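First to last, the protein sequences are chains E and W.
Position 13 of the first sequence, counted from 1, bears residue number 13 in this note's numbering, the numbering being contiguous throughout.
To convert, take the position in the second sequence, counting from 1, and add 1000; that gives this note's numbering.
If you're looking for bench data, these hints aren't it; they were derived computationally from the structure.
One or more of the hints may lead you astray.
Selected chain E positions facing chain W (in silico; Cβ < 8 Å) [to be verified]:
(1) Arg15
(2) Ala116
(3) Thr119
Computed spacing ranges between beta-carbons, pair by pair [as the list claims (entries may be wrong)]:
(4) W:Lys1219 with E:Arg15: 13 to 23 Å
(5) W:Glu1283 with E:Arg15: 48 to 58 Å
(6) E:Asp46 with W:Ala1133: 31 to 41 Å
(7) W:Val1144 with E:Asp46: 40 to 50 Å
(8) W:Arg1161 with E:Gln61: 15 to 25 Å
(9) E:Asn92 with W:Lys1219: 46 to 56 Å
(10) W:Val1277 with E:Arg63: 21 to 31 Å
All values derive from a computational prediction rather than experimental measurement.
Cβ atoms here follow ideal geometry from the backbone N, Cα and C, with glycine treated the same way.
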Amino acid sequence: MAPIPPSAPIPALARFPAEVVEAYQRYRASGDAGAVEAVVIAAAVDYRPSGSGAPMVVEDQTRLVEDLAYDSVAVAELVFFLEDLFDLTITNEDIVGVRTISDLRACVLRNLAGKARNT
Amino acid sequence: MSPVVTGIGFVTPIGNDRATVERNLREGRHGISPVEFLGNPDLPVKVAGTIKGFEVDSPNWRDWSWPSGYEMPKELLRGMAPHGVYAVCAVEQALAAAGLRRSDIAEDPATGLYCASAGSAMLLHHNLAQMRAVRGTRGNPMGVVSSIAGTLNFNLGAHYRITGTVCGFVSACASSSHALGYAIDDLRLGRIRRAIVVGAEELNADSLLPFAHMRALSKQRDPRKASRPFDAERDGFVGAGGAVALVLEDPGAASARGAPALAVAAGWGQAADGYSVAASHPEGAGLLLAMERALADARIGPDDIDHVSAHATSTPVGDLAEAIALGRLFTSRSLRPPVTATKSLTGHGLSVSGVMQAAFSILSIAGGFMPGNPHLSVPGRECEGLDLPRTTLGRTPTTVLSNSSGFGGSNVCHLIAAPGRFTG
């Protein structure tokens, strides 16, 4: 992915807070893996099913299904969003191993690293 | 046994609630507005029957909005097409009008859902383009259920937790009349005691412009000239979006819970042209047979009909065929009922058309009026002998014949009657 100017709009992130957009732009500009975390957490919160109860703090060990009430369709939507945002293709085998926010972040970083090696 | 209609809901170019729709029908006010598609002012499509109060043009459901008062959880929206939003609003109105809560129909094996839509060409195109751009490596996981022709029944069936019957119909402009007909049959056969019938279509470049390429759309800019069924100068139809929903019930079941009947679904019939993939039979042969079969089903004759809601879309060929068929059904000129083509006000909602006309017929019966044909100037010669009132008639119809015709020569006709008739 080519670096994008800081001021360029990112339609996929239009509904996200400014700090999330900034984190994504930082990742795009520098490859800073630490910036990916903010985007992954924000996406996981955004895609959580509406019946998942009161807002809660989402942390590394927060579980998608048990804590955030994700079903398989919501997981597939979240993964597709991240694939599209980061221009990745995440395999079914990778998704099956994702239970927590930490797993999801690791999955995205692993695929980003694999993509970097192949380009 | 003739099922009764106990609930009705509207999202149409002439209003998004029963009172507004009825007022505009009475007053002959159209809902056709200027449109421009794909940023191209040179396209020959200048007007359409637009839906007001909704914003569903984006392929991303997160961009959509709808009138306040309707609950749309994201678990529902993520799998829906734009016309699904219209449909949910129409169904919510129909359930409320029937005095039903969602919990009354959820997981009730005696409730069925009968849907009609063409799917979402816009979402299908968007999702497949997205997939092709990455050479098939990824795609929207909700791409199939949100866009193919069954999207309405997939989504509404799951959202309302329907367990009796869930099905969809795809006979183009006759689709929702087929949905209504098969709902009536399932009620008569005792398979279910309650049916929700819904037709819906979205209006956008992908849904409408292909009809311009068939040379089927009017090129007029003036809404009063663009949609003028049966007029000698008609030059094609005006596209429209929207959704209409009906709740039908076994009369005993409706009576047992004290739900008043708005109208009776007295009978229906269908027959096909066997002639052309797109054009009507030149003399409306299939439509005539469908009308005769509807009458036979209700065990009445042409003289019992006191109003006709014509399919008439304002195309030269289609209106000609229907005018000839009507002339052959009503052989006694002295007994010919008034004929109304409500598409002059709404445009042509394709899959919604049949159930929309049935719902308008119910409003006529309940409200004591017959809408006119306000855009009709000089009727075509083939209409000689048809009673085509220009303005609304203040007479209460007791039995309305409502016609639908779709691609491939499908013709479906319904008889909608006042409560108290055909209850045996």
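Structure-based check of all given hints:
| no. | hint | verdict |
| --- | --- | --- |
| 1 | Arg15 | holds (6 Å) |
| 2 | Ala116 | violated (17 Å) |
| 3 | Thr119 | violated (15 Å) |
| 4 | W:Lys1219 with E:Arg15: 13 to 23 Å | violated (40 Å) |
| 5 | W:Glu1283 with E:Arg15: 48 to 58 Å | holds (56 Å) |
| 6 | E:Asp46 with W:Ala1133: 31 to 41 Å | violated (23 Å) |
| 7 | W:Val1144 with E:Asp46: 40 to 50 Å | violated (23 Å) |
| 8 | W:Arg1161 with E:Gln61: 15 to 25 Å | violated (34 Å) |
| 9 | E:Asn92 with W:Lys1219: 46 to 56 Å | holds (51 Å) |
| 10 | W:Val1277 with E:Arg63: 21 to 31 Å | violated (54 Å) |
Violated hints, in rising order: 2, 3, 4, 6, 7, 8 and 10; the structure is consistent with all others.
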